[in-house]
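Okay, here's what each chain looks like letter by letter:
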Amino acid sequence: MREENSHLPPPQVKDTLFCLSSLNYRYPGGIQALSGINLEIASGERLALVGQNGSGKTTLIKQLCGLLLPADGAVRFKGEPLQGDHLDRSRLKIGLLFQDPDDQLFGHTLIDDVVFGPSNQGLSREPARQAGLLALERVHLADKAYKAPHHLSYGQKKRAALAGLLAMQPDVLLLDEPTTNLDPGQEQVFLDLLLDFTGTLVCISHDLLFLYELCQRAVVMEKGRIAHDYTMNDLVAQRSQLRAYGLDFSFRLEPATNGTDDGPSVCARQNSAPSTSPMTPPMIALGNYAFRYPDGTRALTGVDLSIATGERIALVGENGAGKSTLLACLLGLQQGRGTYLFEGQPVTRRLRRHLWRNIGMVFQDSGDQLVCPSVGEEVAFGLKQLGVSKNEIRRRMEEALSLVRLEGFEARVPLHMSGGERKRLALACVLAMSPKLLILDEPSAGLDPQGEELLLSIIAELDVTLLLVSHDMFFVNALSRRTVVMHQGAICQDLSTEAFFRDPGLGNLNGLAYTFRQRCGEAIRVLQHEHAHSHFHRHLHDHPHEHAWVAHDHLHKHNHAHRHHFLHTHPGEDEPHEHATRRYHDHYHHDGDHGAHDHDHFVPDDPSMTGESGESDSKPDNKK
Amino acid sequence: MPLKVPLDRRMADPTLIQMPLWQLLVMVITPLAVLGAGVTLLRWLIRKRSAEKDDPDWSVPQLEGTAGRSPFHRWDVRCKIVTILVYSFMITAIQQITPAFVAIGLSCLVLVVARASLAKVLMRLLAIVGFITMFLLVMPFTVPLHSGDTVIVFGGLNWLHFSMRGFWLAATIAAKAVAITLLMEPLLATAPLPVTLQGLSRLGVPDMAGQMVLLSYRYLNVFRHEARRMSTGMQVRGFRKRSNVATVQTMANFLGMLFVRSFERTERVFDAMRARGYKGHFPDQAELRLRPVDLVGAGLWLIIGVALLVYDRML
Numbered sequence: 043m044r045e046e047n048s049h050l051p052p053p054q055v056k057d058t059l060f061c062l063s064s065l066n067y068r069y070p071g072g073i074q075a076l077s078g079i080n081l082e083i084a085s086g087e088r089l090a091l092v093g094q095n096g097s098g099k100t101t102l103i104k105q106l107c108g109l110l111l112p113a114d115g116a117v118r119f120k121g122e123p124l125q126g127d128h129l130d131r132s133r134l135k136i137g138l139l140f141q142d143p144d145d146q147l148f149g150h151t152l153i154d155d156v157v158f159g160p161s162n163q164g165l166s167r168e169p170a171r172q173a174g175l176l177a178l179e180r181v182h183l184a185d186k187a188y189k190a191p192h193h194l195s196y197g198q199k200k201r202a203a204l205a206g207l208l209a210m211q212p213d214v215l216l217l218d219e220p221t222t223n224l225d226p227g228q229e230q231v232f233l234d235l236l237l238d239f240t241g242t243l244v245c246i247s248h249d250l251l252f253l254y255e256l257c258q259r260a261v262v263m264e265k266g267r268i269a270h271d272y273t274m275n276d277l278v279a280q281r282s283q284l285r286a287y288g289l290d291f292s293f294r295l296e297p298a299t300n301g302t303d304d305g306p307s308v309c310a311r312q313n314s315a316p317s318t319s320p321m322t323p324p325m326i327a328l329g330n331y332a333f334r335y336p337d338g339t340r341a342l343t344g345v346d347l348s349i350a351t352g353e354r355i356a357l358v359g360e361n362g363a364g365k366s367t368l369l370a371c372l373l374g375l376q377q378g379r380g381t382y383l384f385e386g387q388p389v390t391r392r393l394r395r396h397l398w399r400n401i402g403m404v405f406q407d408s409g410d411q412l413v414c415p416s417v418g419e420e421v422a423f424g425l426k427q428l429g430v431s432k433n434e435i436r437r438r439m440e441e442a443l444s445l446v447r448l449e450g451f452e453a454r455v456p457l458h459m460s461g462g463e464r465k466r467l468a469l470a471c472v473l474a475m476s477p478k479l480l481i482l483d484e485p486s487a488g489l490d491p492q493g494e495e496l497l498l499s500i501i502a503e504l505d506v507t508l509l510l511v512s513h514d515m516f517f518v519n520a521l522s523r524r525t526v527v528m529h530q531g532a533i534c535q536d537l538s539t540e541a542f543f544r545d546p547g548l549g550n551l552n553g554l555a556y557t558f559r560q561r562c563g564e565a566i567r568v569l570q571h572e573h574a575h576s577h578f579h580r581h582l583h584d585h586p587h588e589h590a591w592v593a594h595d596h597l598h599k600h601n602h603a604h605r606h607h608f609l610h611t612h613p614g615e616d617e618p619h620e621h622a623t624r625r626y627h628d629h630y631h632h633d634g635d636h637g638a639h640d641h642d643h644f645v646p647d648d649p650s651m652t653g654e655s656g657e658s659d660s661k662p663d664n665k666k
Numbered sequence: 172m173p174l175k176v177p178l179d180r181r182m183a184d185p186t187l188i189q190m191p192l193w194q195l196l197v198m199v200i201t202p203l204a205v206l207g208a209g210v211t212l213l214r215w216l217i218r219k220r221s222a223e224k225d226d227p228d229w230s231v232p233q234l235e236g237t238a239g240r241s242p243f244h245r246w247d248v249r250c251k252i253v254t255i256l257v258y259s260f261m262i263t264a265i266q267q268i269t270p271a272f273v274a275i276g277l278s279c280l281v282l283v284v285a286r287a288s289l290a291k292v293l294m295r296l297l298a299i300v301g302f303i304t305m306f307l308l309v310m311p312f313t314v315p316l317h318s319g320d321t322v323i324v325f326g327g328l329n330w331l332h333f334s335m336r337g338f339w340l341a342a343t344i345a346a347k348a349v350a351i352t353l354l355m356e357p358l359l360a361t362a363p364l365p366v367t368l369q370g371l372s373r374l375g376v377p378d379m380a381g382q383m384v385l386l387s388y389r390y391l392n393v394f395r396h397e398a399r400r401m402s403t404g405m406q407v408r409g410f411r412k413r414s415n416v417a418t419v420q421t422m423a424n425f426l427g428m429l430f431v432r433s434f435e436r437t438e439r440v441f442d443a444m445r446a447r448g449y450k451g452h453f454p455d456q457a458e459l460r461l462r463p464v465d466l467v468g469a470g471l472w473l474i475i476g477v478a479l480l481v482y483d484r485m486l
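One line per chain: the protein sequences are A and B, in this order. Here the working numbering = 1-based position in the first sequence + 42. Here the working numbering = 1-based position in the second sequence + 171.
Watch out, some of these pointers could steer you wrong.
[To be verified] Derived pair list, reagent style DSBU-like, types lysine-lysine, alpha-carbon separation capped at 30 angstroms:
#, chain 1, residue 1, chain 2, residue 2
1, A, K189, B, K450
2, A, K199, A, K189
3, A, K104, B, K450
Don't read these hints as lab results, they were simulated from the structure. This structure is a prediction, so every number in the text was calculated from the model and none was measured.
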């Protein structure tokens, strides 16, 4: 088991690897993507690049690997500007992992793809093949070496793309959203692979828990500029800063309340209880339902599922468990064998064609759902199919856009909107049609924390029967009362969400265990815990004193301890303070030097460092 | 009993056979029904074979792993391409039905020698069924009449005549198409596609064309899946194709969006290639070596082709 981030040894920082100075970049369309970037990345560092969608992160890593060239300023790699022959040589030592593995796997088979890089490095056929096979072995795909990429699962593709880079033995890995759309099991495998990488690592992700486990340094980007450069611990500890940059994921760390007390505002449990009257038929009833694809693949076997009106259900399971096929059957896109009743009526061929009027679905990739040139047309698309009048279309459009906080976006082009806005637009398109059952497929995928929090609050407010398909256990916990676990095409558990989270065995069975997330979450919660605290420290300050009968004032450094008061994080109320690390914080100084700065702290229980009182007076006041 | 009747002005000397009108339906519907049944059977066979097939061991090369089993797998890819292409042109030069059927027989023999997958061969045949059917249905009714032709006229409809010469001509074309299609599996499936493209490149086909084929082959599936997901996205919001302007507009939006997404993906793929050191060409997949036995094989095959042509001309 791995140690958590804060216990990791500091990176083997050697010399400066990347040096970016006064870097500016403007896209041909005129959009200023980067402005005045000054950044140094040392060899062996693990750096997280965070910021909201559109803040310039991807543009920056494209600069780092020379795919884009700076308009002004310079990018230096190993001391030389990244251009010309040096750029050609450097590209072979800088690996860039794209968000979508299909962009990267262009080979006919995995081995063809993995060998591509080493061959370009000048290796002859057999050594290149050996390097490729070794890399595939590292990512646990040696048994798929001669398989075509389009026959792999998403997680396997992601690892294969990484193998293509590892085969080149890069000095640097640049990762763009490496864990998006991975199930927890695959995510853990991927994380282990990255932790094993010994070179320099620059990672873009909205998943700060993942970054906390992986990286030591965090650079925050905002509107094309570097807003802050922290240690990872300092970034996650300062909730106010996180919120200022739209990165506050702390809502994920708050405990769920199961509807018993005043829990997080996003909790869905205030919604009306499902109608469970024995007289009312369930909205959806599947009995011994099975589906087999034309090629013979058995996707669903003996599925029994009942969804009552008003229920909020989560459907979880590893990639390939049959969730998508089940959704396709519920939507009437596929027809299997067995009983399927909708509101008590058997779903015949005719009813199947009309299920779309009652069941709405928000896709994982909103791009699959948005085909119109404007937001207004997009929302009206489904309503026109319903045959709604123009006035009604306008009314429902305004209502739906207001619900998802997109008022005034009617004329905007969906293609030019951010990921979070597009996701909310897709939701608005479905909500405008007033579905009886709303299906959400991985709603949090690819969203930044601010977008996630907003989406979560919107969904929590909806009064609709909900079927949530997600690997995101926080969303599952926050939005559902009941959890259905699928495994190999069958429902293996159907239990309350509370019971699901109490049973760690279920998570392990389905590759849904979130061990590192729980560990990181707890660690970050501790870091974010703040309380008023007085202790001693020493620093330069101005005070009157005497030198050989002459009394005067000047800046003076001496072994002198005095009290001051500031808010800081604490490892736990009953545990001793640990101030061994240097931390940036804001506090009052006698010399009037305000602002965030760091300085050595005394270890409070060290008698040599205590003053008159001999101990620090910790006063927790639960300022969370 | 067919009756011989006086000839039409346009039909110089053809022999005319009169038949009742209902036999026209029999003559059109029966072949179509047989063809439909055949296609269904072929599809069932293909599906059954695909379903029964266990997942192979992907840790070993699928084609090179069977290299010891067939001379086609061992044959130098350049020699194989040139020989099969030249032989295919010889088949197209055949004019008589009998040599065309002999060519089919030879192609079947080649399939056996190459140990080609029956399911894949049937899939290739399915792909040309429409083409062949069109010939068989249209040509007998449309070929210009020559003296000595035998023509069937149904129920006194002189404008609708079924030419036996047209029928045999269509059958010859169909047989030649089948004979050539059967050779595509030994040509394309006895070496990995990148190696075949490397062979083409060595034969003078521009390198860029080979790379485009390779990337198209890889990304066709990706684009197809994207199109399917987008289509599903429209279906679940109630879109059904109808004969109206709204459908045309929606389909135009759909195609436009698919194009934009595909274009963006090609840019990202190119970026990914450049980031891994791509500078205009893909690394060679295999070391191509031309052995004397490859040339002997090519020579023998071409001699068979010439013999087939001589036989055709002698008939």
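Results of checking the hints against the structure:
For the proposed pair K189 of chain A and K450 of chain B, the alpha carbon gap of about 26 angstroms is at most 30 angstroms, so the pair holds. The suggested pairing of K199 of chain A with K189 of chain A holds, with an alpha-carbon distance near 11 angstroms, which does not exceed 30 angstroms. Only pairs whose Cα atoms come within 30 angstroms are accepted, and K104 of chain A paired with K450 of chain B is accepted, the gap being roughly 17 angstroms.
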